[in-house]
Amino acid sequence: MTDTVTRGTDLVDGIYREGAPITDTKAPSGDIADKWTTRKFEAALVNPANRRKLSVIIVGTGLAGASAGATLGEAGYRVKSFCYQDSPRRAHSIAAQGGINAAKNYKGDGDSVHRLFYDTVKGGDYRSRETNVYRLAEVSADIIDQCVAQGVPFAREYGGLLDNRSFGGVQVSRTFYARGQTGQQLLIGAYQALERQIAAGTVEMFARHEMLELVVVDGKARGIIARDMVTGEIETHLADAVVLASGGYGNVFFLSTNAMGCNVTASWRAHRKGAHFANPCYTQIHPTCIPQTGEHQSKLTLMSESLRNDGRIWVPKNAEDCDKDPREIAEDDRDYYLERIYPGFGNLVPRDIASRQAKNMCDEGRGVGPAVDGVRRGVYLDFGDAIERLGEDAVRSKYGNLFDMYQQITGENPYQVPMRIYPAVHYTMGGLWVDYDLQSSIPGLFVTGEANFSDHGANRLGASALMQGLADGYFVLPNTIRDYLAQGPFTTIAGDDPAVAEAVQGVQERIDTFLSINGTRSVDSYHKALGKIMWEKCGMERTEEGLREAIEEIRALREDFWSNVRVLGSAEGLNQSLEKAGRVADFLELGELMCIDALHRNESCGGHFRAESQTEDGEALRHDDEYAYVAAWEWGGDGEAPVLHKEDLVYDFIELKQRSYK
Amino acid sequence: MRIALKIWRQDGPADDGRMVDYQLPDVSEDSSFLEMLDLLNEQLIDKGEEPVAFDSDCREGICGMCGVVINGEAHGPERTTTCQLHMRSFNDGDEIVIEPWRADPFPVIKDLCVDRSSFDRIIQAGGFISANTGSAPDAHATAVPKEDADRAFMAAECIGCGACVAACPNASAMLFMGSKVTHLGELPQGQPEREARVLQMTAQHDLEGFGGCTNLGECSRACPKGIPLNVISQLNGDYRRAGYGGRD
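Chains as they are written, first to last, in the working numbering: chain A, 1 to 662; chain B, 1 to 248.
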């Protein structure tokens with residue numbers, strides 16, 4: 001689609017161009033409570049006999065992909081499902097701990113669809129689209145019904161009814177959970193529904209397959225090019241529509257709580273083919289992760305933020321105490337900095353504030369734990385007071401599994417020595433731009449779950465990611481994609497169609513290039529270098545100067561990668577270095593766009609903190625007059641500036657407010 | 001710490017495979033077992049040798065993708081997944097022998113990677129509750145006694161890693177299958193398909209070439225989630241009742 005790029009304005013700030021605004025998101029008119037009903041009614045139906053003639057490709061088998069695959073299969077469409085893991089059950093939704101929100105109001109504490117809608121928009125710092133968020137809240141209750149019917153073993157009370165808890169600082173108990181393994185149980189439910197359709201013959205599964213290109217014919221998404229990771233074969237898969245449910249891009253930071261294989265390639269290849277990428281700078285950094293211990297570290301592990309309910313966060317007042325045994329540091333020499341700076345909320349300030357302040361303390365030289373690159377990156381999370389107040393047994397019954405996990409990873413006993421924590425990248429709110437129907441800017445390409453941008457604005461609330469993945473896959477997409485599929489039958493595409501041949505050739509050439517550079521540096525070393533740039537300059541706190549440096553550094557790193565990377569082995573058969581090379585190559589392009597997006601958004605909102613935009617107290621300062629829009633970026637071509645399309649965010653049902661936690 | 005490694009290398013399914021010795025002179029005891037293998041691979045790439053292929057994804061003990069036999073034990077000396085094993089469980093100067101899961105229904109793809117799609121096919125045979133999207137009644141329509149829900153949850157903790165099969169001298173997958181039969185069979189929603197489920201899953205299990213259970217209990221000892229052996233009793237009980245044409 002590069003030939004249709006709107007060249008737009010001259011370069012803005014030397015980094016991007018501005019194209020035409022997006023004025024229609026396809027949401028129906030009327031009261032917000034009626035829109036989804038209206039859309040479901042107006043979306044065309046497909047006769048059951050015709051469904052088996054229509055085919056859909058779904059990339060990714062997490063909550064958003066497996067649920068969509070199962071549901072479309074049940075409806076009778078022909079589905080091809082792809083995942084890079086050895087089984088669809090491995091997708092990283094499985095690692096979500098906390099829970100899933102739903103406006104069931106089973107506790108009778110005043111919850112409602114409207115309240116969940118309101119909390120989600122506010123939590124997203126007024127940078128999400130009202131219509132989509134309302135629908136998310138509206139279908140949330142159906143998700144719980146569906147999961148229970150599938151046998152998802154949610155926590156229950158003694159009376160046999162479902163238990164709920166309050167999560168992420170909201171005032172109602174609307175979070176359903178299955179101990180600390182909610183994501184696992186929901187995913188296994190969706191996986192089993194998907195396997196049932198595989199057995200029924202409606203879904204064909206391609207595990208250990210990675211999508212490497214999108215096939216666009218006559219402006220419509222019509223298939224993918226995938227690599228069989230076991231045989232190395234490059235395969236063409238054609239269909240009437242393509243759904244990307246390929247997750248987030250947190251691994252651009254190298255270290256994150258994502259799985260090792262999480263990547264942006266499916267989204268990024270689609271972006272290069274014309275799908276707009278929205279708000280890439282919105283990333284969520286979670287404050288309570290286990291700190292890095294050295295250069296060997298491959299990933300970071302999250303611990304539930306419920307720990308902040310009883311733990312007190314501190315660092316030594318004096319930098320010379322930082323290598324002391326914390327138990328020997330006197331009370332007067334400890335700085336409980338969150339309680340000091342935010343006396344109202346103390347240790348329970350929102351995720352982004354807790355994260356940013358931890359980094360500030362460590363950058364000041366008051367961090368604790370092992371030094372990595374000369375900086376101690378950790379702060380204490382101390383349960384000493386809680387143990388004294390409640391007793392060790394009570395603390396164990398509340399947090400036992402988290403303490404065990406901490407001890408297994410660090411070798412330290414948190415009942416005796418304060419835990420050390422540090423923020424880590426956890427979730428990416430940005431993603432491919434979609435309209436109300438979850439359709440991207442390429443007709444026939446739909447995007448669900450974390451891979452799209454639509455529901456969380458600039459910051460995601462706890463227990464909302466699982467809700468969105470399943471809402472999209474079970475209830476939203478199956479109702480909207482039928483409107484597109486009803487336009488069928490679609491023209492048959494020949495395997496040697498020029499668009500297919502070009503896509504296959506591009507994939508082959510890229511693989512050949514990786515294997516022939518034969519340079520001196522491993523793929524991982526580039527990934528780590530990129531991660532450091534992103535973390536330092538496009539992480540918790542961003543400045544114009546830092547972002548401009550980052551853009552230059554990423555460009556130089558990318559150039560070096562393409563001339564000096566070393567990928568051994570062959571294209572035939574399993575080659576994990578080759579797989580990683582493709583993913584890192586795409587991260588090297590995405591990283592630059594993230595910095596450009598962060599640079600152009602000269603305001604602080606949610607997880608995006610621009611040092612230039614803060615109140616006198618150091619709080620995030622939004623600029624609703626200038627930036628109340630979605631930044632949807634169009635690929636400008638290799639070496640060309642991206643083109644910005646603005647979608648104004650109009651709040652008809654919720655009043656914009658500036659948050660304060662002092 | 002200094003570590004000597006003996007690792008199974010196998011170029012592909014058709015290759016015979018062999019043990020190869022490697023030395024790692026400086027491993028942090030804080031690194032995980034798989035980060036130790038990452039380090040080895042960086043050194044191999046530096047030397048121009050192909051890195052060792054091994055599977056892992058979440059690296060937080062929940063996805064079930066990782067798993068190798070370490071010094072003869074599935075997932076190694078601690079009761080955890082390979083990714084959650086840390087080098088502090090070993091001593092300076094140790095020799096560590098690393099092999100893939102060994103079982104006919106888990107053919108080796110390359111080095112330490114095996115094909116566990118047989119597990120997916122067992123689930124396809126009946127490891128689900130048939131409830132089409134949109135057809136569900138309200139979640140509170142049926143109360144589930146907490147005791148039953150807790151036991152269902154315990155069984156549902158299975159991560160499908162395959163350690164039970166690797167540890168079993170018969171390469172039986174009955175702990176895996178028993179977990180699913182127990183998870184769904186403890187819940188009211190799972191009753192209508194309870195008999196068909198156990199019969200169909202067992203038939204697929206045998207078809208894939210997994211062996212029968214002889215009550216040794218190695219599977220449960222190797223299970224990183226501590227699934228107890230009594231899920232196999234439940235599997236056998238359900239199978240017997242289904243075989244005789246009805247529950248008692």
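Honestly, the hints are just simulated from the structure, not real lab data. Where hints are given, some of them may not hold.
If you anchor each label on the Cβ, the simulated ranges turn out as follows [stated by the list, open to error]:
{"no.": "1", "chain 1": "A", "residue 1": "294", "chain 2": "B", "residue 2": "19", "range": "25 to 31 Å"}
{"no.": "2", "chain 1": "B", "residue 1": "11", "chain 2": "A", "residue 2": "396", "range": "25 to 31 Å"}
{"no.": "3", "chain 1": "A", "residue 1": "407", "chain 2": "B", "residue 2": "145", "range": "46 to 52 Å"}
Short derived list, chain A residues pointing at chain B, Cβ under 10 Å [to be verified]:
{"no.": "4", "residue": "85"}
{"no.": "5", "residue": "141"}
{"no.": "6", "residue": "156"}
{"no.": "7", "residue": "183"}
{"no.": "8", "residue": "258"}
{"no.": "9", "residue": "374"}
{"no.": "10", "residue": "400"}
{"no.": "11", "residue": "403"}
{"no.": "12", "residue": "623"}
Not everything, but these chain B residues come out facing chain A in the computed CB check (under 10 Å) [unchecked claim]:
{"no.": "13", "residue": "36"}
{"no.": "14", "residue": "88"}
{"no.": "15", "residue": "104"}
{"no.": "16", "residue": "116"}
{"no.": "17", "residue": "189"}
It should be emphasised that the depicted structure is a prediction, and the values quoted were computed from it without experimental measurement. By construction, the Cβ of each residue, glycine as well, lies at the ideal position given by its N, Cα and C atoms.
Hints, one by one, checked against the model:
no.: 1; hint: A:294 <-> B:19: 25 to 31 Å; in the structure: 29 Å, holds
no.: 2; hint: B:11 <-> A:396: 25 to 31 Å; in the structure: 49 Å, violated
no.: 3; hint: A:407 <-> B:145: 46 to 52 Å; in the structure: 33 Å, violated
no.: 4; hint: 85; in the structure: 6 Å, holds
no.: 5; hint: 141; in the structure: 8 Å, holds
no.: 6; hint: 156; in the structure: 4 Å, holds
no.: 7; hint: 183; in the structure: 8 Å, holds
no.: 8; hint: 258; in the structure: 9 Å, holds
no.: 9; hint: 374; in the structure: 17 Å, violated
no.: 10; hint: 400; in the structure: 14 Å, violated
no.: 11; hint: 403; in the structure: 15 Å, violated
no.: 12; hint: 623; in the structure: 38 Å, violated
no.: 13; hint: 36; in the structure: 8 Å, holds
no.: 14; hint: 88; in the structure: 5 Å, holds
no.: 15; hint: 104; in the structure: 17 Å, violated
no.: 16; hint: 116; in the structure: 6 Å, holds
no.: 17; hint: 189; in the structure: 5 Å, holds
In summary, the structure is inconsistent with hints 2, 3, 9, 10, 11, 12 and 15 from the numbered list given earlier, while agreeing with the others.
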